[in-house]
Structures are given as structure tokens and as C-alpha cells.
Amino acid sequence: MPSSVPPFLVFFVGALLVPFLRDAPRLRAVWLVLIPVVGALNVWGLQEGFELQVQLLGYTLTPVRADRLSLLFGYLFHLGAFIAIIYSLHLKKGDSPTVQHTSAVVYAGSALGAVFAGDFITLFLFWELLAISSVFLIWTRRTPAAISAGMRYLLVHVVSGVTLLAGAMVHAHQTGSLDFGPMGLEGLAAWLVFLAVGVKAAFPLAHSWLIDAYPEGTPTGTVFLSAFTTKVAVYALARGFAGEEVLIYIGAFMACFPIFYAVIENDLRRTLSYSMMNQIGFMVCGIGIGTTLAVNGAVAHAFNDVLFKGLLFMSMGAVMYMTGKTKASELGGLYKTMPVTMILCVVGALSISAVPLFNAFVSKSMIMSALLYEHHYWIWPVMLFASAGVVEHAGIKIPYFAFFAHDSGIRTREPPRNMLVAMGIGAFLCILIGVQPQLLYNLLPGEVDYHAYSYTHILTQIQLLCFAIAAVAAFHLWKIYPAEIPSVNLDVDWVYRRAAVKVTGFVGSMVGAADGALRTAFLGVVRRTMRGAFRASGPRGVLARTWPAGSMVLWVSILLSAFLLFQLF
Amino acid sequence: MSEHKPNSVPQPWWGRILVAFFTLCGIVLAMDFFGRPEKHHPLEEWPVMYPFFGFFGIALLIIAAKGLRRVVMRSEDYYDAE
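Sequences listed follow chains A and F, in order.
Just add 1250 to the spot in the first sequence (first one is 1) and you have this note's numbering.
Just add 889 to the spot in the second sequence (first one is 1) and you have this note's numbering.
The following block holds chain A by itself, in its conformation from the complex:
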């Protein structure tokens, strides 16, 4: 049945009722699961080409624009929300379930609002709402580190939103339109919008909010976080900047740079955050190539990333929920007590590594093929290196250090059933799309004429993966693999967390010293002036002295004589 209800509205209305179901956990669970189900049915009913428009101050706003690109992300966000909501159903009183569920539903609704927005004002509103609603998924962990990371996350995203608004205003001034569509990188407006989107997409140098904040979220909150914010940015890039060559280089750097950090990172959820940046690099690169195959590959990879990265974050969230730990140096040997979680994590690891029959294989190979078809011969080896790097940090490191490696002595049990069900759905979809890629290809914005399962693709990918794993195994056997050490690694956030603080302190002390010196000098001048005035006008001063009338007459006659002489000669 055709629908014309804005997709975000279903989630916002759904979120309104969540606080009132605080004391009815079963009813709340049913309600929460119903929200993405009803939302998905609504999106299913949206006709391709449907637009909802309103007039505001002489401008035409389009709060809902349904085309193949927005509909694909619409389906994806409903799927992501559905899985993440199931994963979070066990939340109890100590976990702030009302805050987490309400903010998560508003957050998912905001992501839907952003991808269906046809104009900049609607996009800006949902852009900011994404940040404001999602920060509670970090803050509800209630640790000092989470509170300050959440604050930094919020600041970065509000700045991104303000930059977007500035770009929108310049665009409206130049073109007279607020429509958000293909922009190209020409002019101030386009660059401002590009910058705003780049911050949300975690472009290199603007990426540290992701690495800083996501590992500090609650076990369930980070699953929501991993699904929406960066994917909205990928959507915005695909919508506004497809085919911009600079994105190829940004994407290539983005795919490579974080894998070095991922190798040495001790916190496994932070390793996954670096991995997320690496995967977004593939998407950004695909969008930069700009051909139908490449853009299809980029958005297909975004779709798959929500599934496999969500699955990995869910498995690490389950480990964190059951053991209270996420650091490689504190974990190990959990396969004995969490075998089902281990298997589901391995499915996620195989998927992200792009093993044939798992979902990343069918999307990442589209981007790699597009690089070859478009003769990007220098970028292709770089991305191949990044592909191999994924195997090391996400394919091996995550499951190995959590579930195998040395025995940490932790004896726990499987996580709550809802967590296992959510992970099971994610794992099933990773395999289903890997085996039946046509299911995903049929939803992509452009026509797909691509066969991932050619003999060469399968053979070369298995060769690459096997020998990448062989290198890791050899480094382990030779005992030169980097040890897991409790530590932090300095990243770009060092600039504002440490250097800026020191520089501000130094500048403050310098300004304070200069201010003190100026005040002392000024007071000295005032004091000397006062002393001079006192000397002149004080009780013994020249000006205050009592002079006899005779001397006054004498001086007056001298002055008059001088005046007379001056007049005569």
C-alpha cells in the first residue's frame, strides 16, 4: 500500500511512548521491536520518486525525498535499528534503559530524517539531532572518560552541523535554492558542506572523535553508534560529491592509515573503531571514482558494514557486558565459556575480511574492480594493502585476543538471549548476502552488471587472505608480533586533549605575566604622577604655598614691564 508518512516520524512517535513504559519491560520490548518493523513497512510503501514539500519563507523545503539512494539507506537503517534494538532489550534499571532506548530510537529516526532530506535545512536539523540524541548512548556509561569523550564528540558534531548550515546559507544565497543534490567541489558553499560531511565521515585529521567516543559508549550504545552517523555521511558524499577525484585519495589514505594503529591498539572496541574508519575509506574511495559500479560498490559496502561491523561490535559488547573488559591484555580463552558468541564473532571477522561467501566480498570487490576498470593503477595496490590489513586487525586480532590467545582465567557464560538473537540475525544476513549478492544488488541505486564470483576474484582473494594470515601466524611463531600492552596511543586528539591544553596554559601564563607587568608599569606611572602632583600641590608644594601680597605685586609688575617692553620693541 503506498505510504506518504515521513520515515523519521514513525521513530519519533515511537520514542515518545518509551518513557511511559518504564515499569512494563515486556510491553516496552514489544513496542521497541515494533517501531522499526512498522517503519520498514512504511518505507516499503514509499514510492520511488515521492517527494513531500513545504514552503518556508519563500524557500521550498523537501522533508522527504524517496529515490533509490535514499530508499537503500532507509532499508539499511531500519535493519540496523531492528538488530540493535533486539540487542538492547535486556537493559535493566542500572543501565538507564529509558534514556538509552529513547535516545537510540530518536537517533535512528534522525538518521532516517537525514537520508530522506531533500533540502539543506531539513538535513541540518537531523544532522544536529543525530549528535544530540546519540551522545546519551555514550554518557549513560557514566564513567569520567565517557562523560568527557561524549562532550568532545558533541562539540565536534555541533561544529560539523554549523559548518553545514554555513555552507547551506552560502548555497542558498548563490543559487536561490536549498535543494541538496550533486554539488561538485566548486565554490565556498560546496567546500563548507564537504568539510561538514568530512567531519562526520571521520576523514583523516577529523577522525579522532570516532576513535575517542565509540569505545566509551555503553555495550549496546556503541552498536547503535556504529550503524548510523558515519553512514549518513557516506550517503551525503554519494549524494553530493560522487565522482570528485579528491575522494579517491582521501579514501585511500583513510583505508591505510588506521590499520597501523589497529595493530597496536589494546582496547578491542577501539581497534574496531579504527577498523570502521578503514572500511569507510573503501566507501569514500568508491564514491570518488564515481562510476555506477564504484558508487554501487560504495553504498553496498556501507550496507554490509552496518551488518558485519555491527556484528563485531555486538560480540565485543557481549564480552564487555559479561566480563566488564574489552582490552586484549585482560581477555583471552573465552571460547571455553562463550562458544556461541565466539562463532558469531568469527562470522563477523570472516565477513569484514571479505572471505568469499561472506558479504564484504561481494561489495568490496566492486570497488576494487572499479579502480582497475578506471585505470587507477597507483591507488589499487594501496587499497589491496588496506584489504590485507583488515584481515590482520579485524579478521584475526579481534576474535583471537578475545576468545583464544592466553587464558585470562575469566570464566563467564553466554550473554542474554536477546544479544545472541541479534548477533545471530547479523551473522545470518552477512552469509545470506555473501551467498546471494543479487538480493543486495537489486536494491542498489544504479543498475548492476557485476559478477563477484568469477574464478579470478575468488582465487586471488583467497591467496591474498591466506598469505596475509600466514604472515600473522609466522610473526606469532617467531615471537615478534606486537605484544598487547596496557597503553594509550597518541592520535590527532592529542592536539586538543594535551597540546592545546598546554599551549592554552602557556599562552594564559604569558598573557597573565604581560598583564601583571603592564599593570605594575601603569600603577608606577600613576604613582609617580600622584607623587609629582602632591609635591606641587601638597601642603608644602610650590602651588599650595602662601605667598606674601608684596611678592605677588612684585611679580605682576615684572610681568607688566616685560609685556610693555615687548610691545615697544
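None of these hints come from the bench; they were simulated from the model.
Remember, predicted model here, so these are calculated numbers, not experimental data.
Heads up, a few of these hints could be off.
As the list claims (entries may be wrong) - Partial selection, computed: residues in chain F whose CB lies under 7 Å from chain A: (1) R925; (2) H930; (3) L957; (4) V961.
As the list claims (entries may be wrong) - Below, a sample of chain F positions facing chain A; criterion: calculated Cβ distance under 7 Å: (5) Q900; (6) G924; (7) P926; (8) P936; (9) Y939; (10) G946; (11) Y968.
Claimed, not checked - DEER-style ranges, computed between Cβ atoms: (12) A:G1434 x F:H930: 42 to 50 Å; (13) A:P1269 x F:M920: 55 to 63 Å; (14) F:H930 x A:W1441: 44 to 52 Å; (15) A:D1317 x F:R959: 46 to 54 Å; (16) A:L1455 x F:M962: 17 to 25 Å; (17) A:G1434 x F:L949: 46 to 54 Å; (18) A:D1429 x F:L907: 56 to 64 Å.
Where is the CB? At the ideal position from N, CA and C, for every residue including glycine.
Starting from the structure of chain A, add chain F where the hints point.
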């Protein structure tokens, strides 16, 4: 790191897994000599290019990451004095 502590998986199993895995590596390496129908990049003309790239790419990655650690690694409470 695992080399300093006993592994949670019994040693015989690791041995079997590694033998099976390196056998698989040998098979996929050998398959390269039977030809690859699709070649788009000059590098793909090289024999065993993908295995070479996979192994030495990761070796380079790990060695470079160890070097990076010397520069960027700090104690866990580094930012606690914020």
C-alpha cells in the same frame, strides 16, 4: 602477549590447525601457476603476486606498526591528568 603465557588452546590443536592452514596456503599458491583468466593491472602479470602482496604487505604493516608504537605509545593514565 601470548608467547609469554600459556595458550588457551591445547598445543596439539594449534599444531593441527597450522599444518592444515599452511597446506591450504600451498594449494592456493600452486593454483596460481595454472593461470588466472582476468588481468587488469600490470602487477597482476607477475607470478604469485597476490600471495607475495598478502604476506609482505602484512609483514611491512606489523614492522611499521611496531615502529609507530615507539612514537605514539603512552601509559594508560596519560590523559587522566586532563
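So, going through the hints one by one against the coordinates:
1. R925: holds (5 Å)
2. H930: OK, holds: F:H930 within 7 Å of chain A, min 6 Å.
3. L957: OK, holds: F:L957 within 7 Å of chain A, min 5 Å.
4. V961: holds (4 Å)
5. Q900: Not OK, violated: F:Q900 not within 7 Å of chain A, min 12 Å.
6. G924: violated (10 Å)
7. P926: Holds, about 6 Å.
8. P936: violated (11 Å)
9. Y939: holds (4 Å)
10. G946: Nearest chain A Cβ about 5 Å off; hint holds.
11. Y968: With a closest approach of 6 Å, the F:Y968 hint holds.
12. A:G1434 x F:H930: 42 to 50 Å: Violated - the Cβ-Cβ distance for A:G1434 and F:H930, about 29 Å, lies outside 42 to 50 Å.
13. A:P1269 x F:M920: 55 to 63 Å: The hint (55 to 63 Å, Cβ to Cβ) holds, given that A:P1269 and F:M920 are roughly 60 Å apart.
14. F:H930 x A:W1441: 44 to 52 Å: violated (33 Å)
15. A:D1317 x F:R959: 46 to 54 Å: Given range 46 to 54 Å: holds, Cβ gap about 50 Å.
16. A:L1455 x F:M962: 17 to 25 Å: Between A:L1455 and F:M962, where Cβ atoms are some 21 Å apart, the hint holds.
17. A:G1434 x F:L949: 46 to 54 Å: Violated: the Cβ-Cβ distance is about 37 Å, outside 46 to 54 Å.
18. A:D1429 x F:L907: 56 to 64 Å: Cβ of A:D1429 to Cβ of F:L907: about 59 Å, so the range 56 to 64 Å holds.
Comparing the model with each numbered hint stated earlier shows that hints 5, 6, 8, 12, 14, 17 do not hold.
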